[in-house]
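Novice: Now for the letters of each chain:
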Amino acid sequence: MRLAPYLFAGPAVVLYVVFMLIPVLYAIWLSLRAYRLQAGGTFGRRVEVFVGLENYIGVLSDPELLASFGRLAIYGLIAVPLTLGLALLFALLLDVPAVRAKRFSRTAIFIPYAVPGVVAALMWGFMYLPSTSPFSYLTEQAGWGPIPFLTGSGLFGSLANIAIWGGVGFNMIIIYTSLRGIPDELYEAARLDGANELQIALRVKVPLVGPAILLTTVFALIGTLQLYGEPMTLKPMTNDISQTWAPLMTIYRDAFLTDNLPAAAASSTILALGTVALSLLILGIVNRKRFGARS
Amino acid sequence: MRSRLLATGATLVLIGAGLTACSSSSGSGSDGPVTLDFWGWGVGYEDVIKEWNDANPDIQVKHTDAGGGDESSAKLLTASRAGNAPDLALVEFTTLPAMIVADVPLDITDYVGDIEDAFTSGTWDQTRFDGAVYGIPQDVGPMALTYREDRLAELGIPVPTTWEEFGAAARAVKEKDPNSVLTSLPASELGFYAGVAAQAGSQWWSIEDGVWTVGIADEASLEVADFFEGLVRDGAISTEPLLTPEYNAKLNEGTMLSWPAGIWAGGVFYGVAPDTAGKWAMSPLPQWTPGDTKVAYQGGSGMIVTKGSEHPEEAAEFAKWFNASEQGNKLLLDSRQVYPASSVGQEMAAESEPPALMPQQTDFYQTAADISSETIPVTWGPNVNLAKSVFEDQLNKAIADGTPWRDAFAATQKAVVDDMKKSGYEVAND
Chain S
1 MRLAPYLFAG PAVVLYVVFM LIPVLYAIWL SLRAYRLQAG GTFGRRVEVF
51 VGLENYIGVL SDPELLASFG RLAIYGLIAV PLTLGLALLF ALLLDVPAVR
101 AKRFSRTAIF IPYAVPGVVA ALMWGFMYLP STSPFSYLTE QAGWGPIPFL
151 TGSGLFGSLA NIAIWGGVGF NMIIIYTSLR GIPDELYEAA RLDGANELQI
201 ALRVKVPLVG PAILLTTVFA LIGTLQLYGE PMTLKPMTND ISQTWAPLMT
251 IYRDAFLTDN LPAAAASSTI LALGTVALSL LILGIVNRKR FGARS
Chain Z
1001 MRSRLLATGA TLVLIGAGLT ACSSSSGSGS DGPVTLDFWG WGVGYEDVIK
1051 EWNDANPDIQ VKHTDAGGGD ESSAKLLTAS RAGNAPDLAL VEFTTLPAMI
1101 VADVPLDITD YVGDIEDAFT SGTWDQTRFD GAVYGIPQDV GPMALTYRED
1151 RLAELGIPVP TTWEEFGAAA RAVKEKDPNS VLTSLPASEL GFYAGVAAQA
1201 GSQWWSIEDG VWTVGIADEA SLEVADFFEG LVRDGAISTE PLLTPEYNAK
1251 LNEGTMLSWP AGIWAGGVFY GVAPDTAGKW AMSPLPQWTP GDTKVAYQGG
1301 SGMIVTKGSE HPEEAAEFAK WFNASEQGNK LLLDSRQVYP ASSVGQEMAA
1351 ESEPPALMPQ QTDFYQTAAD ISSETIPVTW GPNVNLAKSV FEDQLNKAIA
1401 DGTPWRDAFA ATQKAVVDDM KKSGYEVAND
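As they're listed, the protein sequences go chains S and Z. Position one of the first sequence corresponds to residue 1 (the working numbering), numbered consecutively onward. Position one of the second sequence corresponds to residue 1001 (the working numbering), numbered consecutively onward.
I should point out that these hints are in silico values taken from the structure, not numbers from a laboratory. There may be inaccurate statements among the hints.
What the hints assert, rightly or not - List time: in silico BS3-like cross-link candidates among lysine-lysine, alpha-carbon distance up to 25 angstroms:
1. Z/Lys1414 with Z/Lys1397
2. Z/Lys1250 with Z/Lys1176
3. S/Lys235 with Z/Lys1320
4. S/Lys235 with Z/Lys1397
5. Z/Lys1050 with Z/Lys1320
6. Z/Lys1250 with Z/Lys1279
Take these sequences, add in the hints, and give me the full structure.
Specialist: Okay, structure coming up:
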């Protein structure tokens, strides 16, 4: 019966190797290669050759890639705190005993998460375009002209808004579920000590759902680094989203438009390493704080 | 969750590899009927394939829609690197050189000798390089001006025949009706800017004795840049993106008055503003020098036989029938609804009804035939997609920041030359 553990682990290991390990190794191998011209035919032939770290040097010295991380940072600074703040607020409100129509509110806030990202981005795109936007219609009626949703720095808010609209519900459910797990005795004790609902929320609930908030923060940051669908969907509607607006858009362009898969593989590897580093950094900081508080 | 991102990078690669699985390898035994796989985008293939397969039981063709021009060519590259490309594929003229250096198409010069007269030399030059034929042209998009006949007449503005008149017309539109605009020419339209630069005598790519010259920022192109920059800066024309809900609303309202592009523009407009049919007309594209008649192509595609095909002769047979025969061209016109590249197809078109957007313009196809009788031979480089991407981003940045368009053209030139040198091409530019 020595075989049993292997049989149980088998499917997971096979899936992991086939769909994770091999593709990752292949991507890394590909990132060390490039298409170079060799003699032959009318124009010559592009063949795959080994170029070492050349793709990494190219990617890291591309000012556009750096600029795209800058844009992500601005976007993230708007989207992440607002998404998590609103999610926490709604979760706390739903957890107040006196609140009515909880089930309905919970579903209503959660529904946007069920809308596919591209559909959401398209729908918001229509609400941003001056001639179809209900918001711009109102401001135009008031004589202020259309709202510049899709031009200049207005873009950051518009893109973040789509993410917030879609993300609050999901994060709220995670925090709310964590809130439901807090034993009632703690609230009873707090009330006996004279705490009101607000004090209970801030002093009892928020610290106890800390792990859930941490989890959603890491999710949100990774989601930010993977920003792709929203800018890609809005791109045809505005001149202000370039083909290299977000890092993943550059990777897509290199892989599928300009036939430079090796460069795309190199950028992907860098982005993946960056994400791992960022996640570890955040977890590290938080863990140190917690241990610091305990000691 | 960390691994999710690793997976993203990896799946990009995986998708690329997976796509190849979509194409089934062709071919049966030695003597039985041959089955050819054919990738092409657009409408109307059912009729074409049925007609051919019924008449040729020994050469059966199987059609797959592998996505539009861009997606299809990306998939074709991957499939052919993986060794399972289809036998035949439709390829845009702009990406054909990139396909050739990737070793995708077969040199079919030996198979096409008997249809040499079916195309004008300017059209052959879209698929013939240094004497080697890599594909058979299917459809072309000679450049023309598609415009709102009723609105221009109402504003008392004559149809421009030169770019100077075009500029004057654009300013007149703004003056007489500030809500309307003559046209929008956004940075995404590399094909347009390359076409009008070619009219001005520029060659964005050229090759001689294996050495490339890139002319995206040559004097003629920079003057073209200055001209359109002036119009945009004065607010005479716009650079808003094409075919957005916003743009389409303007077409329907009658406040977007023209589109200088391939003659296919009317078909595109009919798709988004069918109610405006009868109000549009097509005229030859404005010229830089009065009296000139030559225009470039914007868009168009040809059919290639791939190197991996086990039945190149049969594949070439089908491609010749589809694109150069009378029967094939009738199907191109009626079922595929494209403007044929061959002279025989264009003659047939001259007798057919005008397109749905301009039913009143009975001389539409005659005008089209006149325009295509002499076109400027344009050579596309091996990295047009990179040029397109850089040009779009740089020109949009110049428009947004108010910096000279010349700089955007120069930046595109630099990126294109650097990329070519890095890949190992010999380039004459510094």
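Novice: Kindly indicate which numbered hints from before are broken by the structure, ordering the numbers from low to high.
Specialist: Checked against the structure, the only hint that fails is number 3, while the rest are satisfied.
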